[in-house]
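> So the sequence lines, in the order shown, correspond to chains A and B. Under the working numbering, think of the first position of the first sequence as 842, with each following residue one higher. Under the working numbering, think of the first position of the second sequence as 5, with each following residue one higher.
Hints are not guaranteed to be accurate.
As the list claims (entries may be wrong) - Which stretches of chain B does chain A cover? Using the computed rule of at least three CB atoms under 8 Å from a CB of chain A, they are:
| hint | stretch |
| --- | --- |
| 1 | 79 to 91 |
| 2 | 210 to 220 |
| 3 | 291 to 298 |
| 4 | 313 to 326 |
| 5 | 395 to 402 |
| 6 | 440 to 453 |
Hints are computed from structural coordinates only; laboratory data are not their basis. Beta carbons are placed, not taken as given, at the ideal position from N, Cα and C, and that holds for glycine.
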Amino acid sequence: MSTSRDAILAAIRSKTLEPTPLPTLEQDWIRFDDPIAQFGSVLEFVGGKCVRCESLAAVQETLDTVVECQTAVVRCSTVSGVGRPTLSIDDIDDPHSLDTVDFAVLRGQFAVAENGAVWVTDAGLRHRVPFFLSQHLALIVPSSEVVPNMHEAFQRLTFKDRGFGCFISGPSKTADIEQSLVIGAHGPRSHIVFLVDSIDA
Amino acid sequence: MDHAVAAAKFVANDQRAHWHDQALWFVRQKRDRMANSLPEWETLRDTASAIKAYTVTHLAELLEQFEENATQLGATVHWARNAAEHNEIVHGLLHDHGVKKLVKSKSMLTEECHLNPFLERHGIEVTDTDLGEWLVQLRREPPSHIVMPAIHIKKEEVGELFHNILGTDEGATDPTYLAEAARHALRQKFLEADAGLTGVNFAIAETGGFVVCTNEGNADLGVSLPKLHIASMGIEKLIPQAAHLGVFLRLLARSATGQPITTYSSHFHGPRPGGELHIVLVDNGRSDLLGSDQFRRSLSCIRCGACMNTCPVYRRSGGHTYGTTVPGPIGSILAPARDAKAHHTLPYACSLCGSCTDVCPVKIDLHHQLLSWRKEIGVRGLVPFTKRFSMGIASRVFQHPAIYRMSGWFARKLVPKLPRFLIYNRLNTWGRQRELPDFPKQSFREQYKRRQKK
C-alpha cells in the first residue's frame, strides 16, 4: 500500500509547478434585508415549507394541523414537548428498525437564507439515519440563527472532531425521468422547517 | 470510437435528437437563472478557479495533510495508482467484511474504473442507487451524462423497463408513479445492504473530511445503515480548507441543475460510532495531466456537467457517442489525455464556439484546450488520411501565391461546370452535409485591378 502512496506522491512532486496563492474569501457576498423571508421563499422554491413560530408550543399546534403528522403511525422527536413521539431514537440499537418512522421532528443548528438549507448534525444522536429514512421530516431551528450565505455558514463550522453534518435543503427529490421533478425520491416526502423565536419556552 | 460516425446514428432519429437537445437546453436555462440571481457570480468563479489552481500546485502536501487528518479522525486512507488497484482495494475491503450486497451512490470515478463488472465477477451484488444510475445499470449501459445519467432515456422506456423488472402497470409513463416504484424497490436494497460506497465531491485537506452532494439522499441512506462506508475519490477532488466549501457548494448545484444547492450536502468526518470508513485516493492518470502546461487546468473540474448542457455538439449527439465515462467538452479533453489514439476524434466534436468556457464554474479554458488537442493529435500523427491529404494540399496552396491564384481560377471557371460526382465524393467530407458556395465570377484581385483602372 505504501508503495502506491509513495509512487503517486513522487509522480506529483516530479512536476515542478509554480505555486499560486490562495484567493481571499473576504468579498462583498450577498446579504438580504429580510433573511427569514428569503429563506422561506427559497425553501418553498425547492419543495419545502417554512413556518415561523413564537414557541415550541406553537410548533406543536401547527404540527397538529399537518396531515402527514396527523396520519403518522410511528413518530420520533428529539425536541422535548414537540412531535408526540411514539418511539425514542436512543432506545433503538439497530438503525434498520427506524425504517418504520413516518414522521420525525429533529433539531437543526442554523439556516441559510440564500439556498433554504438547514445545517444538521448527529451530535448527541445515536443514529443519523432518521434525517434520511423518515417518510416526513420537520426541523426545528431558532429563528435567530439564519445566516445570509454559505460563507457565513462555514464561519460557524470548525470540524475539529469526528462527526457527521449535512446541509438539507427541501425534501428528497429526483428529476431523472425526463427531467420531471418528483418529490420524495428515497428520503423524506415532505420537509417543514420551523423557525422558532423562543425555543426554550 | 469515431464520434462523428456514432453521432450520425444519433441524429438519424431527428425527433429524438431534438428532444434531447431541448431537455439539456432547459437545464442550461435553469443554470442561467441561478447564475444571474447572484451579483457575485463572476467573483465566485474567479475565487473557485484560484482555489483549484492552488490545490493543483500544492497537491502532494495537501494529500499528505488530508491523509494525516482523516486518519486522526479514525478513517483508513488507501492509495491506488490506477483503476485495477482501486478495484482490488475495494474488493479486498468487501471480501474482508463478508459483504454480499453493496449499495453505491453516484460516482463517476467507479465508472471510470469499471468497478461494477469487476465486483459482479466476484459474486457481489452491486446496486447503483441514484435513480438515473440505476436506470442505466438495469439497461446494462453506461451513463450518458455525469449529472443526469439517464437524460437520454424516455419515460416510455422507463415504464417498459419497470414493467419487466418491477411489475409496474404496462404502458405506465407517469414519472411520479415510476419514481415511487423505484423508491420501494431501492429502499429494500438500502435495508439489505452490507456496505455503502460513495463518491466524493470535495475532500478537505485541513480537516480530513469530505463532502458528498445528492438530491435523492441516496448517499446518506447507503452509508447510514450498514457499518462499512467506502469513499472513492480522484486525487484532484481535494480543496485546502473547509471555508472553501462555501465557494464550491454555491457554484456546484447552480451550475449543474440550476438549483440553489443540492438537497443534501453531507459532510463526513471520520466513521460513525461503531462503523468503519475507508477512503480510496485514486490517481489513474491524474498526476500525468499535472505535468502538462496545456491541459493541467482540466484537473480543476468539479464535474457539474454545465459544459455538456450548453455544448451544441453534446446536445445534438448524446453522451454515448463519445465512448467515454465523462462525455462532452471536458470529457473530450480528459479522454485523449488517457488514450489519444482511441479518442482522437473527440477534440473535433466541437465547433469552438466557447460556450463551455463561458459557463464553467471553475473557469477551465475548455475550448482552448480542445484546440490544443487538435494540434497535439496532428503532431502525434493521428489525423486520418483524408484530412491529412486535404490539409497537405491546402498548405501548399497557401504557401505559393501562384498556385493559390491558379486554384482560384480553377474554382471559379471550372468547378461550376464539373459533374457532381467529381466534386461531392469521398474525399470531400465537408460536402457530405453541405453544398459548396456559389463561386464569384471575379476574384478580389481582379475586381481590385479593374477599379484601379477606372
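> All the hints need checking, so say for each whether the structure fits it.
Evaluation of the provided hints:
no., hint, in the structure
1, 79 to 91, "holds (count 5)"
2, 210 to 220, "holds (count 4)"
3, 291 to 298, "holds (count 4)"
4, 313 to 326, "violated (count 0)"
5, 395 to 402, "violated (count 0)"
6, 440 to 453, "violated (count 0)"
Violated hints for the displayed structure, listed by number in ascending order: 4, 5, 6.
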